[in-house]
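Protein chains: 2
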Amino acid sequence: MKKIGILGTGMVGSTIATKMFELGYDVKMGSRSATNEKALEWVVNKGAKASVGTFDEVAAFGEIVFICLKGEAVLPVIKMLKTKLSGKIVVDISNPLDFSKGMPPFLIPELTNTNSLGEEVQKALPDSYVVKTLNTVSALIMVAAAKPGGAPSMFLSGNNRDAKQEITALLKLFGWEDIIDLGDITTARGTEMLLPIWLRTMFVFGHANFAFKVLR
Amino acid sequence: MKKIGILGTGMVGSTIATKMFELGYDVKMGSRSATNEKALEWVVNKGAKASVGTFDEVAAFGEIVFICLKGEAVLPVIKMLKTKLSGKIVVDISNPLDFSKGMPPFLIPELTNTNSLGEEVQKALPDSYVVKTLNTVSALIMVAAAKPGGAPSMFLSGNNRDAKQEITALLKLFGWEDIIDLGDITTARGTEMLLPIWLRTMFVFGHANFAFKVLR
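Protein chains in written order, with the numbering used here: chain L, 48 to 263; chain G, 48 to 263.
Same shape as in the complex, but just chain L:
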């Protein structure tokens, strides 16, 4: 079983870390600081297969590394990790949301429409296999996909077929049954641009416990 690195200790990072730990993987979760409180809290009572570290330590440890960072933090962080992430699968779950003008956020203009954060991650990590996925649902649904009314759809973007196959197998362990490979990493534009309607739908429902299904 490959070792798993989780960059980010927020809701998404700790949800993915917990799920991978429960699936039996060795997991290291981390942030800027090795003494991040959320990471230390997460590791309690989990034993030798769960550890915490700095971004650098997480990138060195993981054979599959998940990016679970706020959109604006992603590129500055991963640019420092290029060598350590070389040859590895990097799963980008982040979205380029800009909260600087209040709610609802919009997408960071230079990372949308004719570009995407997924593409910039792949450009910053030319020797890694970037797979963009899980960015279209809330953290809890990422690892518990079943919904009333059927199986929602999960999308996948990336340039490397083997990496996408490996992550597809993992998504199935997370409960995803309807997995749609959209194509190369430029298709991440589409999934990142789903965020505005996702946010507005969340406002209407008053909760984030929903997911899109492509009926066909």
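Just so you know, the hints here were simulated from the structure itself, not pulled from any lab data.
Among the hints, a few may not be true.
The list cannot tell twin chains apart, which means a pair is met if one copy fits it or any two copies do.
As the list claims (entries may be wrong) - Straight-line distance between alpha carbons at most 30 Å, and here's what the computed DSS-like set of lysine-lysine pairs gives:
#1 Lys148 to Lys170
#2 Lys66 to Lys129
#3 Lys148 to Lys49
#4 Lys126 to Lys50
#5 Lys93 to Lys219
Given the coordinates of chain L, assemble chain G onto it according to the supplied hints.
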């Protein structure tokens, strides 16, 4: 029954025109020229309740007017129709797609993310009641919403509650059961930004006979 105007004679225009005619409405469909071939072909054997005309004649005739134009044509056309569309419901089905750089198109940059075509339509027609809807599916699904696997979701954006209620009733006649009112016209950003993933999904499936459902 209100009189229906259809701006545009393409696949979307003729599909909506035919459905409204079948529902018993008086329908006038039009384009730049009153002798548009597609419009003349559409009107054959339909009797007095179907007619063709120029954009001007369609706008004057319709009490509910559908915008079924290519994205780039919408604003130039409707700006000329401001007076004739005053006080009326205008249903904007268009998307701000830019095909100038080839396939897949992206969204016209000044009409996305922090703006939308729907918003610009409402600004150009300050005395009309603009409702953005139906822009997230292909023409045939617009008027025949049932899919294998359940009822897909249709979204609605607009500033006027009465106008949205009237169009919601119409959407039900089109077969839509799950209609989600996202809020004011700025929420059209979300539905227009669904187009990139819609296009990529169409490429994967090789057809446009699909629709999104919000499972919750």
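Hint by hint, here is what the structure shows:
Taking identical chains as interchangeable, the C-alpha atoms of Lys148 and Lys170 lie at most 30 Å apart whether they share a chain (28 Å) or sit on different chains (22 Å). In this assembly of identical chains, Lys66 and Lys129 lie within 30 Å of each other by CA distance solely inside one copy; the values are 26 Å within and 56 Å between copies. Within a single copy, Lys148 and Lys49 get their C-alpha atoms no closer than 41 Å, and across copies no closer than 42 Å, so neither meets the 30 Å cut-off. Taking the shortest alpha-carbon separations for Lys126 and Lys50, only the intra-copy value of 21 Å comes in at or below 30 Å, while the best inter-copy value is 60 Å.
Proximity of Lys93 to Lys219 under the C-alpha cut-off of 30 Å is restricted to the intra-copy arrangement: shortest distance 24 Å within a copy versus 53 Å between copies.
Hint compliance for this structure: hint 3 is the single one not met.
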